[in-house]
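**Q** In order, the protein sequence lines correspond to chains Y, P and H.
The first sequence begins at 0 in numbering that gives the first Met the number 0 and counts up one residue at a time.
The second sequence begins at 0 in numbering that gives the first Met the number 0 and counts up one residue at a time.
The third sequence begins at 0 in numbering that gives the first Met the number 0 and counts up one residue at a time.
Distance windows between CB atoms, simulated: (1) Y/Asp44 x P/Arg120: 49 to 55 Å; (2) H/Asp279 x Y/Gln6: 55 to 61 Å; (3) H/Ser187 x Y/Asn123: 41 to 47 Å; (4) H/Ser187 x Y/Ala129: 52 to 58 Å; (5) P/Ala117 x Y/Gln6: 22 to 28 Å.
Here are some of the chain H residues that sit facing chain Y, going by a computed Cβ distance under 7 Å: (6) Arg84; (7) Arg87; (8) Arg89; (9) Met100.
Please keep in mind that the hints were generated in silico from the structure rather than gathered at the bench.
Ideal placement from N, C-alpha and C gives every residue a C-beta, glycine not left out.
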Amino acid sequence: MLGFLIQRLLQAVAVMVVISALVFVGVFAIGNPIDVLIAPDATQDIRLDTIRRYGFDQPLWKQYLNFVTSLVQGDFGRSFVFNMPVLQLILSRLPATLELTLVAVIGATIIGVPLGMYAGYRPNAVASRAIMGASVLGFSLPTFWIGILFIMGFAVELGWLPAGGRGDTVEAWGIQWSVLTLNGWSHLVLPALTLSLFRMALMIRMARAGMREAMLSDYVRFARAQGISDGKVIFGHVLKNISIPLVTVFGLELAATMAFAVVTETIFSWPGLGKLIIDSIQSLDRPVMVAYLMLVAFLFIMINFSVDIAYAALDPRVRSGRT
Amino acid sequence: MRRDASPFIRFWIEFAENRLALAALGVVILVVGAAILAPLFTPQDPYDIGKLVLGDARRPPGHVGSGGYVHLLGTDAQGRDLWSAILYGLRISIQIGITAGAVAFIVGGSLGTIAAFAGGRTEALIMRFIDLQLSFPAILLALVISAILGQGKWQLTIALVASQYAYFARTAHGAAVAERAKEYIEAALSTPLSSRVVVFRHILPNCMPPLIVVATVQIANAISLEATLSFLGLGLPVTHPSLGTLISNGFQYMLSGRYWISIYPGIALIVLILAVNLVGDQIRDQLNPRLQR
Amino acid sequence: MTAALEVRGLKTHFFTRSGAVKAVDGVDLTIERGRVLGLVGESGSGKSVTGLSILGLIDHPGRIVEGSVKLDGQELVGLDRDAARRVRGRRIAMIFQDPMMTLNPVLRVGTQMSMALRAHETVSNDTARERSVRALSRVGLPTPEQCLAAYPHQLSGGMRQRVAIAIALLHSPSVIVADEPTTALDVSIQGQILQEMQRLGAETGVALVWITHDLAVVSSLAHDIAVMYAGRIVEHGPTADVLAQPRHPYTRGLLDSVPGEAKPGEKLAQIPGSIPALIDLPPGCAFRARCSRASGACEAMPEIAEIGGRLARCFHPLEAA
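Same shape as in the complex, but just chain Y:
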């Protein structure tokens, strides 16, 4: 097990190095940041001075080396636009995205899995067909379009919920949270629901497929032959089996949802990382882009890593097997 962990950790480090190079080269190709940094009427001297100060006159590989060197020292650079350390900027926006993502994915799981299990248990029932129809809808509607509809309906027409912003926050562990206030929740509901519909549709499908397969399996047939009631077969036998793929999906979806928060945050003016990255792409704020992409990559690798471990913990075959 320890060998497995070390091997996976080394792999993760290698992947991070590759990603950092790709990200750096990719972002380097976006626009010319000099135009952002200095006023258009600046003199040639100021211009050259700025270029030198930021190291833009050096070859790409050297810039990358400098970047990695300061990265290892914990320095992500300064944002061109906000003129503050990027790390600080990102950390200040992270909680908003984190709480939006968590609420969306947990909500999608709590609602989606039972619905999917029911649809798999009674595939021909009217309710099951309705659930599956709704899941096709959840798959088809683009996230930004759902957001627009929600704003139209609940904010503009009905006036029940606010159309944007984060609302009141409360400080806990030195971080501002919306989930701890009622007003915060009223701001959170629409964006979280918008973000969760696609995941919910996915959870429904996964749970349904798992359930259908399990109900046709020999171990369920054997359990039913023992006179175990359907309820106990489902919660005693099947749930643990289908939870294994679901945990994987839950983890991966957590990361994908964070990425998709880009769209939701833009629509609802949610002051999180997603809005930050869109703004920084538009304003060519290179250090922010690089740091954000690195952070997402890092989170992805960490989540993949934890999913592997959770998988091993849940599935006795993996636990005692080759790993």
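Given chain Y's structure and the hints, the job is docking chains P and H onto it.
**A** For chains P and H alone, kept in the frame of chain Y given last:
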């Protein structure tokens, strides 16, 4: 069902048994037809900026503009007739969706098959890269690539292909590896057939069903992703609006009650995506051997 | 004395899109306590569906359309869901072919056994444990305590099947339906399990319906044999009589295609053709297309009738040699 009918006819008969899927197919054909023949049904060329009159901007549905005809669905912020803009927008969306899907199909499909057939280090290298990319969210990749390449149809298509080909590659690889392990391939390889013949005549046809399933999903995804990128201002320019661009432009006027600029293009978009997905769902059910009864 | 299990005119059909599949189409079986009945047939003959029907485990789109299943004289067909559930596992049990698949891979054996126990009884953890240990040692597992703590994949195929048998015996049922329980096992293990079942049958007085396609297995285990073809019993009688002097041409064909009967170098006899699709089966004897003795009379369905000390369903039965 007749047993002697060709596989294609049998497939069609089974497909037609699902009324919903059949209706969805009708919608897809109708929408695609309308998009292709857009110039015949529209009073205005929305891309001819010279003909746009600013006095006609943001008029509600039913308004008779300076052109002398009725704006059935109203006009947008530049004074475009929305009905015309939507049909032309569908045209772009479908074009980009299908092109991106087809290129991703070919690139990903061949890459996956080649990896499976090459084996060894080549396979490991290709599949590692694919897996790495798949673990990264497609939307972010598309976002960064379109930011790098700038606005435009081709730039957008490249961004979509780059973020989607990996799904095809993994599917093709999985199917080809499973196929490669089967005995008939070994049998075919032991005859003096060239390995190219084996790949194209034996392995590829057997990888097609899962690839077609992925394709139906990915075309709908490409259309949706295109609209999303355009909505975020990274897709197509305002002068050549796709559906996403139209929705994005209308979004700022929505809070002031001018709903139609966003809503109608939005409805066109979801009708298209929904119909494609419903058709795809049925095809997937029919091609999935595990669900066959 | 009432029979442990009495099946009369059982018909189970599956209603698919392409038509009704008559998987079981009028099966009669009787089995006394302590006896073993071998239910023999090719795959697709309806023998497994018969077993599932007896336990009321037929799912949509299948349905028992007609017939009666009596367990110790009590009618099982038509029982409501909960009443049927209370009979299953307690008074009639079933074991399946692949011991790899019949135990839940992610639950410990002990957990699965206590769930089986608690399906019909309220017992304390200690009692459940103690009874599980006893059940496991009764089927010849040397280290029952370790077995309880193990996950199925940690046990061998033979051990897994013994666990399944132990679960089936937990509530001392009157009847056990065993659906090819040794087919997936190695031949040596197969022999051990057969011996074990024989011993358990004699000890507990349980009636055993042993479903198999393997005549060799039946000959060493079963008191009676019933041969199934296309959803019907075609020959039913004492094992020794049926195997020594089959009267139905199909039984003869089955016996002739067992490789052990042929001498080396001699061409193996085989039944021409294959089992017919059970959709839109034409009326009359289903075997007639493959039968060398078929005549115009066979276009009507023969009744099953007594001949030479057993029952056979044929207009032109083979004569006693």
